[in-house]
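Trainee: The listed protein sequences correspond, in order, to chains D and V. So in this note's numbering the end of the first sequence lands on 274, straight run, no missing numbers. So in this note's numbering the end of the second sequence lands on 418, straight run, no missing numbers.
Simulated from the structure, these hints should not be mistaken for lab results. Remember, it's a predicted structure, so these values are computed and weren't measured experimentally. Glycine included, each C-beta is placed from N, C-alpha and C at the ideal position. Honestly, I wouldn't trust all of these hints.
If you want a taste of the chain D side facing chain V, the calculated C-beta under 8 Å gives, among others [claimed, not checked]:
# : residue
1 : Arg149
2 : Lys175
3 : Arg186
4 : Gly190
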Amino acid sequence: MRYLSMSVLLSCVLATGSVTAQQIEIGVQIPQLDAAEYHRPYVAAWVEDGERDVVANLLVWYQQERKGAPANADRGTKWLPDLRQWWRRSGRGLTMPIDGVSSATRAVGEYQVSFMPGKGAMPALAAGEYTLRVEAAREEGGRELLEIPFAWPPAVATTLTVTGNSELGTFSLTVKP
Amino acid sequence: MKTRYLVAMVPALLLPVSALAHNTWLQPSKTVLSTGQWVTFDGGASTQPFVKDHAPLRLDALVITAPDGTPVHAQNVTVGKLRSSFDLELDQEGTYKIAVVMQGMMATWEEDEQRKRWPGRGEIFTPEGFAKAVPTDAQNLRVSEMIRRLETYVTAGQPNDAALKPSGKGLELIPVTAFNDLYSDEPATFQLLLDGKPAADLTVEIIADGIRYRDAVDPIELKTDADGRFTVTWPRPGLYWVNASLQDEHATAPATARSTSYTGVFEVLSP
Chain D
98 MRYLSMSVLL
108 SCVLATGSVT
118 AQQIEIGVQI
128 PQLDAAEYHR
138 PYVAAWVEDG
148 ERDVVANLLV
158 WYQQERKGAP
168 ANADRGTKWL
178 PDLRQWWRRS
188 GRGLTMPIDG
198 VSSATRAVGE
208 YQVSFMPGKG
218 AMPALAAGEY
228 TLRVEAAREE
238 GGRELLEIPF
248 AWPPAVATTL
258 TVTGNSELGT
268 FSLTVKP
Chain V
148 MKTRYLVAMV
158 PALLLPVSAL
168 AHNTWLQPSK
178 TVLSTGQWVT
188 FDGGASTQPF
198 VKDHAPLRLD
208 ALVITAPDGT
218 PVHAQNVTVG
228 KLRSSFDLEL
238 DQEGTYKIAV
248 VMQGMMATWE
258 EDEQRKRWPG
268 RGEIFTPEGF
278 AKAVPTDAQN
288 LRVSEMIRRL
298 ETYVTAGQPN
308 DAALKPSGKG
318 LELIPVTAFN
328 DLYSDEPATF
338 QLLLDGKPAA
348 DLTVEIIADG
358 IRYRDAVDPI
368 ELKTDADGRF
378 TVTWPRPGLY
388 WVNASLQDEH
398 ATAPATARST
408 SYTGVFEVLS
418 P
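Chain D with its partners taken away, still in its complex shape (with noise of 0.2 Å):
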């Protein structure tokens, strides 16, 4: 909920203002599942170009240090290397944790996260083709990796969706010039 109406304000901000900045929303659903026992998932999302280069992570969730764990207990960072495209592409090269991108994992629900590229942990995108990917992985469950081609930038505002199969829900990107 505090990610949906920070980013109606955004948006509301963005429609008066005079200048007009382009927006990426997106929207990764958590779906309830039927599990005996329920781990969150890790949840990575990123922007590749058309050579498969990762140009921006938006979003990394994992299990962050817990205080007071013990010096043995595994850490958080062990099953990154699990959300296995992201890694190869992105994580393997990366120090945990990412300003502005990596943070706790979600429960089961829809969050919306809005990003303007050039602000923030967000780069500038050149103008081209490029492909969003949603990768989710959960102990003791499955791995999902979903995505959505788009052009950037967007000559009109645009929503696109697909619909995962397992640990994924609705995956949406809405681009707007």
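With chain D's structure known, arrange chain V on it following the hints.
Mentor: Using the frame of chain D, we list chain V on its own:
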């Protein structure tokens, strides 16, 4: 006594040569990890790679090279009946090489119509020992050199190749595609070297894990090109045993014949 002796001997004599030549393998628990994790390895010798039904891998010649090129020690080394095992902590970022390199020389000759060999089990070849043990007029003397390399690789974080520099002795493999960047939907290319130079036109045999659960071994046979390179299309994710061997006369004196082999174990992930 005599009959029992015969019963014991006959099956051994009837064994085909291939069954006597056991394949060695290393089996890493994972190959793509983040820094600070542990990996455990099993090693064995058996007719079929990864099937634990014959003998543990001898670890006397185990050498682990860290991503910065320095040697690291294996921990919790145990030798069981059917496999040996050890653990490795990945405290550096990059690619580790886990290698068992068997090097040696062997002399065989005939003396009073009896076949002799030196060094025997547990003995080590030295030029002085050779001069002492082998008569100068030995009949049908054959001295052969052996370099057998068994390797696997694991990576913490970003792969690198500082640990993968070839030694320039015998058969070795170097990456064109990174050793821990293998996916079932992408062909991978590697280069075989013989004494540091491309090993052209050599047969490479590749066997997937899980032989016990299929009707045939189904090896993939490839040939290296003029550059010593070969390209594999992995049929599915899993562990793969990659082997090449050859015999030639490029031996170190007093050997006149040499056999050398390379065996590598690779993990292929699903995309």
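Trainee: Decide, hint by hint, whether the structure agrees.
Mentor: Here is how each hint holds up against the structure:
Because the beta carbon of Arg149(D) sits about 11 Å from the nearest beta carbon in chain V, more than 8 Å, this interface hint is broken. Hint status for Lys175(D): holds, given a least beta-carbon distance of 6 Å to chain V, under 8 Å. Hint status for Arg186(D): violated, given a least beta-carbon distance of 11 Å to chain V, over 8 Å. Taking 8 Å as the C-beta contact cut-off toward chain V, the hint placing Gly190(D) at the interface holds, the least distance being around 5 Å.
Of the numbered hints stated above, those contradicted by the structure are hints 1, 3, listed in ascending order.
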